[in-house]
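Whenever a hint applies, use it, and build me the whole structure from the sequences.
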Amino acid sequence: MTVPLGCHYVVESPASAERVPTLRRIVSARLRFWGLGPHAVGPVCAGLGELVTNVHRHVGDGARCVIELRWTGRHLTVSVEDEGPRLPRLLTAGGGGLAHVAALSDSWGTCATERGKVVWFTRSVEAPQGVPSLPRTPLTAVSAVRRLPLPAG
0 MTVPLGCHYV VESPASAERV PTLRRIVSAR LRFWGLGPHA VGPVCAGLGE
50 LVTNVHRHVG DGARCVIELR WTGRHLTVSV EDEGPRLPRL LTAGGGGLAH
100 VAALSDSWGT CATERGKVVW FTRSVEAPQG VPSLPRTPLT AVSAVRRLPL
150 PAG
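First residue of the sequence shown: 0, per numbering that gives the first Met the number 0; consecutive thereafter.
Simulated from the structure, these hints should not be mistaken for lab results.
Do not take every clue at face value.
[To be verified] No more than 20 Å apart at the CA atoms, straight line, and that leaves these computed lysine to aspartate or glutamate pairs for EDC-like:
{"no.": "1", "residue 1": "Lys116", "residue 2": "Glu67"}
{"no.": "2", "residue 1": "Lys116", "residue 2": "Asp60"}
{"no.": "3", "residue 1": "Lys116", "residue 2": "Glu82"}
{"no.": "4", "residue 1": "Lys116", "residue 2": "Glu11"}
[What the hints assert, rightly or not] Label-pair restraints from in silico Cβ distances:
{"no.": "5", "residue 1": "Glu113", "residue 2": "Arg31", "range": "31 to 41 Å"}
{"no.": "6", "residue 1": "Cys6", "residue 2": "Gly41", "range": "32 to 42 Å"}
{"no.": "7", "residue 1": "Pro37", "residue 2": "Pro84", "range": "29 to 39 Å"}
{"no.": "8", "residue 1": "Pro37", "residue 2": "Arg114", "range": "28 to 38 Å"}
{"no.": "9", "residue 1": "Pro37", "residue 2": "Arg85", "range": "14 to 24 Å"}
{"no.": "10", "residue 1": "Gly59", "residue 2": "His38", "range": "28 to 38 Å"}
{"no.": "11", "residue 1": "Glu11", "residue 2": "Thr109", "range": "33 to 43 Å"}
All figures in this text were calculated on a predicted structure; none of them were measured in a lab.
Where is the CB? At the ideal position from N, CA and C, for every residue including glycine.
Right under this line is the structure:
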């Protein structure tokens, strides 16, 4: 297993209905830059849109939010931080909001912060072939050690 290079991205934006499509395009471009295909981009951007829309609805139009993406090579985590004091609840009746995020993801959660809260979700996303990566352990170091002469004595 290898860990991809460039697996962290942060963008700050006001949360408004007009900004949601722009933020989806920004995140889509970043995921494609990382070499992730439509199987990841569509669901991730849909989940992100729900989280930013929730900030707009429940914290206020233009409320500051920070979007963070982290990709480990196996899992992509998307988080949205805002300054709203109330933690969200999963309401299954409407079919939107967090219920939609839960359906699109492997896991999701929320936690309070000093200034508000963070809502996040994860999705399994394998690295496609040809993505630049680093091995977890340097494989060449083992073969190089074997070639070193043994110390005398």
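These are the hints, each one checked on the structure:
no. : hint                        : result
1   : Lys116 to Glu67             : 13 Å, holds
2   : Lys116 to Asp60             : 17 Å, holds
3   : Lys116 to Glu82             : 6 Å, holds
4   : Lys116 to Glu11             : 15 Å, holds
5   : Glu113 to Arg31: 31 to 41 Å : 34 Å, holds
6   : Cys6 to Gly41: 32 to 42 Å   : 20 Å, violated
7   : Pro37 to Pro84: 29 to 39 Å  : 37 Å, holds
8   : Pro37 to Arg114: 28 to 38 Å : 35 Å, holds
9   : Pro37 to Arg85: 14 to 24 Å  : 34 Å, violated
10  : Gly59 to His38: 28 to 38 Å  : 34 Å, holds
11  : Glu11 to Thr109: 33 to 43 Å : 19 Å, violated
Checked against the numbered hints given earlier, the structure breaks hints 6, 9 and 11 and satisfies all the rest.
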